[in-house]
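Asks: Each chain, written out:
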Amino acid sequence: MDSPSTRRISLTVDGQPRTADVDTRTTLLDALRERLGVTSPKKGCDHGQCGSCTVLLDGRRHLTCLALAVSYDGSEVVTAAGLGALDDASEELHPVQQSFLDHDGYQCGYCTPGQVCSAVGMLDEAKAGHPSHVTEDLEAEPDLDDDEIRERMSGNLCRCGAYVGILAAVREAAGRNA
Amino acid sequence: MKQHDHHVAADAAEAVALVADNPGARFLAGGTNLVDHLKLGVARPDLLVDVRRLPLDAVEEYVGPGGRGLRVGANVRNSDLAAHPLVRSRHPAVARALLAGASGQIRHQATTGGNLLQRTRCVYFQDVTTPCNKREPGSGCSAIEGYGRYNAILGASEACVATHPSDLAVALTALDAAVVVLGPDGERRVPMTELHRLPGHHPEQDTTLRHGELITAVELVDSPVSRTSTYAKVRDRASYAFALVSVAAGLDLDPDSGTVRDVRIAWGGVAHRPWRATRAEEALRGEVLTEDGARQAADAELAAAETGPENAYKVAMVRNATAMVLTGLAEGAGR
Chain B
3 MDSPSTRRIS LTVDGQPRTA DVDTRTTLLD ALRERLGVTS PKKGCDHGQC
53 GSCTVLLDGR RHLTCLALAV SYDGSEVVTA AGLGALDDAS EELHPVQQSF
103 LDHDGYQCGY CTPGQVCSAV GMLDEAKAGH PSHVTEDLEA EPDLDDDEIR
153 ERMSGNLCRC GAYVGILAAV REAAGRNA
Chain A
2 MKQHDHHVAA DAAEAVALVA DNPGARFLAG GTNLVDHLKL GVARPDLLVD
52 VRRLPLDAVE EYVGPGGRGL RVGANVRNSD LAAHPLVRSR HPAVARALLA
102 GASGQIRHQA TTGGNLLQRT RCVYFQDVTT PCNKREPGSG CSAIEGYGRY
152 NAILGASEAC VATHPSDLAV ALTALDAAVV VLGPDGERRV PMTELHRLPG
202 HHPEQDTTLR HGELITAVEL VDSPVSRTST YAKVRDRASY AFALVSVAAG
252 LDLDPDSGTV RDVRIAWGGV AHRPWRATRA EEALRGEVLT EDGARQAADA
302 ELAAAETGPE NAYKVAMVRN ATAMVLTGLA EGAGR
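Residue numbers (our numbering), protein chains in the order written: chain B, 3 to 180; chain A, 2 to 336.
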């Protein structure tokens, strides 16, 4: 199978082992969407500027449009569609997804899978004590106020401008009263 | 996108040998800039040598030629470096610079070495339909007569007016870091102030590295100026944008007299490389730090600035940002 420009890759996608033969030029996003039929991550700008292709890759939020599939052989991908299974095996929504529903954190919904994955990854980073650009004291535990949430979510654009709802959804998911 | 082969490197030496022997080969690490260039046609390699999984991913305390410090593996992700407790406490300018760059997603993907080797975001460099000496040597510079708002104000040439986009590189330049480079003939250390070049007649060369040389680590030196350091970035929006100008600085004040014992200043967004403002540093050393003094020191450096109508704003912007950063450090505000 290994012609100079084709490789066989294996991924775990939303808990399922998947295999595909991909051209060396194929992005992880195109491998997921076009080869594996996993359409939850969306192609927005395709240049790393919008965040709509965000997934959790080996446990961290990650763009899939600026990643070549062949570089990620063996990786674990969790998309927004697979998030509900992170906490338990039921069909229930992930708390961040429920929060987006409760607060109208979207309009057309195209950026939403990326927003949701980004929020899940961002909350883990904050829990691990990672600072952000707006954190006053680099060595203190971060306090996820609205400025922190806006900064930490700035890699996800919403063309509909549903930011007020997105902020409220993430605020609630972060454990604050909306 | 042009067809290319892809090889996952077994170790750093194999990667270096493969790229050094093939003019059409390129290293691929995080890929946040290179994969975009493949799509845009800016980069058209025959072979990508994938170094992403090489175990160059530790942040370790070490004692090097410059003294005690941190040795950062080239594959340490930007997010992990910014969050590292010893970087936050001993090299806050480095953490701040990283956190001011890109987005949360991209910082997980982008590597320390790759960040330094990212290429200019000059709109003409990224647009293959326009002449650009950096992308296509000899084709001309579209930015000199074209859209000039992002153009360099220091050290530019008739061939190129592009600026270097890295935030991290500016902080490392201010704090006298060095990169460790592996080449076909072995390892060498390159001070950050000598890693990037001015464009001159060869803007296609961003750095002094030879084809096939691989950055394997960055060495940070602990010092009073590194502990009291920060990074300020001025941009068109509050987040997720490249710098118009930026300032990395470290300051060591005599606690009794308030005079400047030592100071380091580097600027981003003003030149083809991170600009170490040595004239400004000289003007401040031994003096009591004041806002006016900081502005005058910046002006000593900016005397050599050459501007056009669209980028003249950068002179005032970097002067004011420098004064803001230095007075902030003096007040112990930390940012």
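Certain hints may be false.
[To be verified] Heads up, simulated BS3-like pairs for lysine-lysine below, C-alpha to C-alpha not over 27 Å straight-line: (1) K3(A) - K40(A); (2) K3(A) - K45(B); (3) K40(A) - K129(B).
These are computed hints drawn from the structure, not numbers from a lab.
Source: prediction; values computed, not measured.
Asks: Within a Cα-Cα threshold of 27 Å, do K3(A) and K40(A) meet the stated pairing?
Replies: 9 Å, holds
Asks: K40(A) and K129(B) were given as a pair; does the straight-line alpha-carbon distance stay at or below 27 Å?
Replies: 36 Å, violated
Asks: Can you confirm whether the C-alpha distance between K3(A) and K45(B) stays at or below 27 Å?
Replies: 21 Å, holds
The structure is inconsistent with hint 3 alone, although it conforms to all the rest.
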